[in-house]
Amino acid sequence: MVVAVLSLMGIFVALYLLAHSVGLIPLICGVGSCSTVQSSQWAKVGQVPVPLIGVAGYGSLLVLAILGIQPSWHDSRKIGLLMLGLTTVGVAYTAFLTYLEAAVIHAWCVWCVTSAALMTLIFLASLPEIGRVVQRR
Amino acid sequence: MGTRVWSFHEPGVRPVSKKNRQRKYGSGEEAPTASSGTETTKFYWILGAVAVLGVGIVGYSVGAKALSPTVSEPIEMDGLDDPAELMQVARGVVKGDPAAPISIIEFADFQCPGCGGFATQVKPLLDAEFVDTGKAKFVYYDFPLVSMHVHAFLAARAGHCAEDQDKFWPYHDMLYRSQSRWSTVQNPAGFFEDYAEDLGLDEDEFSACLKSDRHADVVTANMQLGYQLQIQGTPTIMVTQGQGVGRRVTATLEGIREGIALLQSGG
Chain V
1 MVVAVLSLMG IFVALYLLAH SVGLIPLICG VGSCSTVQSS QWAKVGQVPV
51 PLIGVAGYGS LLVLAILGIQ PSWHDSRKIG LLMLGLTTVG VAYTAFLTYL
101 EAAVIHAWCV WCVTSAALMT LIFLASLPEI GRVVQRR
Chain W
1 MGTRVWSFHE PGVRPVSKKN RQRKYGSGEE APTASSGTET TKFYWILGAV
51 AVLGVGIVGY SVGAKALSPT VSEPIEMDGL DDPAELMQVA RGVVKGDPAA
101 PISIIEFADF QCPGCGGFAT QVKPLLDAEF VDTGKAKFVY YDFPLVSMHV
151 HAFLAARAGH CAEDQDKFWP YHDMLYRSQS RWSTVQNPAG FFEDYAEDLG
201 LDEDEFSACL KSDRHADVVT ANMQLGYQLQ IQGTPTIMVT QGQGVGRRVT
251 ATLEGIREGI ALLQSGG
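The listed protein sequences correspond, in order, to chains V and W. Take the first sequence: its position 8, counted from the start at 1, is 8 in my numbering, and no numbers get skipped. Take the second sequence: its position 54, counted from the start at 1, is 54 in my numbering, and no numbers get skipped.
These aren't lab readings, by the way, just hints derived from the structure by calculation. Cβ atoms here follow ideal geometry from the backbone N, Cα and C, with glycine treated the same way. Among these hints, one or two may not hold up.
[Said to hold, decoys possible] Beyond 10 Å from chain W on every Cβ pair, some chain V residues (computed):
#1 M1
#2 L27
#3 A56
#4 L67
#5 R77
#6 A102
#7 T114
#8 P128
[As the list claims (entries may be wrong)] Residues on chain V that point at chain W, a partial pick, calculated with CB under 10 Å:
#9 L8
#10 H20
#11 S33
#12 A107
#13 V113
All chains, please: the whole structure from these sequences, using the hints.
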């Protein structure tokens with residue numbers, strides 16, 4: 001359940017960044033320099049804005065988390081494995097993006113750091129449940 | 001054949017026998033119970049609240065920007081590549097005697113912390129030594145770094161709205177003094193209007209100016225002038241004598257003194 005709530009928060013953070021990325025809104029940064037990060041070459045993968053990947057990733061996690069609490073899927077090993085795979089990739093990717101901010105772009109985007117923190121929390125929160133389901137059988 | 005114990009843990013879900021229940025959840029594990037139904041309901045309420053909050057925040061950000069007539073970014077303008085046309089639109093704000101032989105020119109961004117430091121620490125000393133004594137005039141050009149500072153363009157326009165009421169310089173000082181407050185908010189227009197009120201400007205006139213595209217052409221042209229002068233950061237300070245070419249100097253009192261001394265010695 002915690003994973004679902006955190007994933008939904010992640011969707012909105014990613015949507016906010018995406019709205020900026022397509023020029024709909026200015027980005028309120030507070031501390032750091034969001035625009036420097038958002039206008040860097042790392043803000044897109046090919047033609048795909050990174051926030052769009054975030055929306056898709058958090059959206060998939062939300063769907064899996066909600067499925068996981070349905071009675072018919074409660075103990076699904078498939079969902080556990082999918083969740084493990086997705087959160088692992090998510091944590092690795094956000095860690096990579098955080099590394100880029102620190103070591104390559106030399107600027108911080110507070111919303112990107114928030115997203116990385118959310119993904120880490122999702123990973124940690126889902127570990128016990130994933131472990132329980134994956135170890136069974 | 002074991003005893004069948006039926007349990008109803010969710011509406012619409014098939015009853016589960018004790019045997020199946022043990023197979024499914026293991027002997028030492030908790031199966032979903034009636035209380036998990038309550039928890040699920042609570043969970044959906046929390047999820048709904050987060051969804052409403054998120055849709056509200058993102059929707060407000062996008063909607064406010066889409067519906068507002070306030071121009072807060074550079075506009076499309078034809079002909080700015082032509083220096084003659086550019087100079088007809090680009091315009092700095094002058095402080096001091098317009099006939100003073102030396103010009104101290106600044107390209108600045110109201111949201112840039114370095115410009116804030118220059119405006120509050122160096123400029124008062126410059127005014128006392130050069131501007132108030134009639135030795136030089138100070139000319140301020142907008143160069144909002146819009147890729148980094150989301151409110152810089154609107155702040156530049158606000159400065160020109162204050163200029164309409166002959167209060168550019170007090171407003172300039174106010175914006176820099178309070179930079180840390182308005183820079184970090186979602187929409188600084190309310191702050192800009194408050195500052196206008198504090199300085200005794202006609203609030204309605206200022207507000208109408210701010211919530212329009214007025215002066216967006218001047219700010220855009222000033223930015224273009226900066227690009228043509230290959231300005232890359234702010235504050236950039238230049239000193240000139242008469243119609244001579246500007247000499248870039250360090251944005252310190254010493255740097256500006258040296259630059260002016262070199263101009264006067266013909267160096």
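Hint-by-hint comparison with the structure:
Not every Cβ of chain W is farther than 10 Å from the Cβ of M1 (chain V); the closest lies at roughly 4 Å, contradicting the non-interface assignment. Consistency note on L27 (chain V): stated as away from chain W, yet its beta-carbon is not over 10 Å from all of that chain's, at 6 Å minimum. Annotated as non-interface, A56 (chain V) keeps its C-beta farther than 10 Å from every C-beta of chain W; the closest such distance is 16 Å. The beta carbon of L67 (chain V) sits about 13 Å from the closest Cβ of chain W, which is more than 10 Å, so the claim that it is off the interface holds.
Non-interface call for R77 (chain V) relative to chain W: holds, since the shortest CB-CB distance, roughly 12 Å, exceeds 10 Å. Distance check for A102 (chain V) against chain W: the nearest CB is about 18 Å away, which clears 10 Å, and the non-interface claim stands. Every C-beta of chain W lies more than 10 Å from that of T114 (chain V), the closest at about 13 Å, which supports listing it as non-interface. Annotated as non-interface, P128 (chain V) keeps its C-beta farther than 10 Å from every C-beta of chain W; the closest such distance is 13 Å.
Look at L8 (chain V): its Cβ gets to within about 5 Å of chain W, closer than 10 Å, so that hint holds up. The beta carbon of H20 (chain V) comes within 9 Å of a beta carbon in chain W, closer than 10 Å, and the hint placing it at the interface holds. Of the supplied interface hints, the one on S33 (chain V) holds, with its beta-carbon coming within about 6 Å of a beta-carbon of chain W, less than 10 Å. Interface restraint check: A107 (chain V) against chain W, minimum CB-CB distance 9 Å, threshold 10 Å, status holds.
Below 10 Å, beta-carbon pairs count as interface contacts, and V113 (chain V) has none with chain W, the closest being about 16 Å; its hint is therefore violated.
Going down the numbered hints, you'll see the structure goes against 1, 2 and 13, while the others check out.
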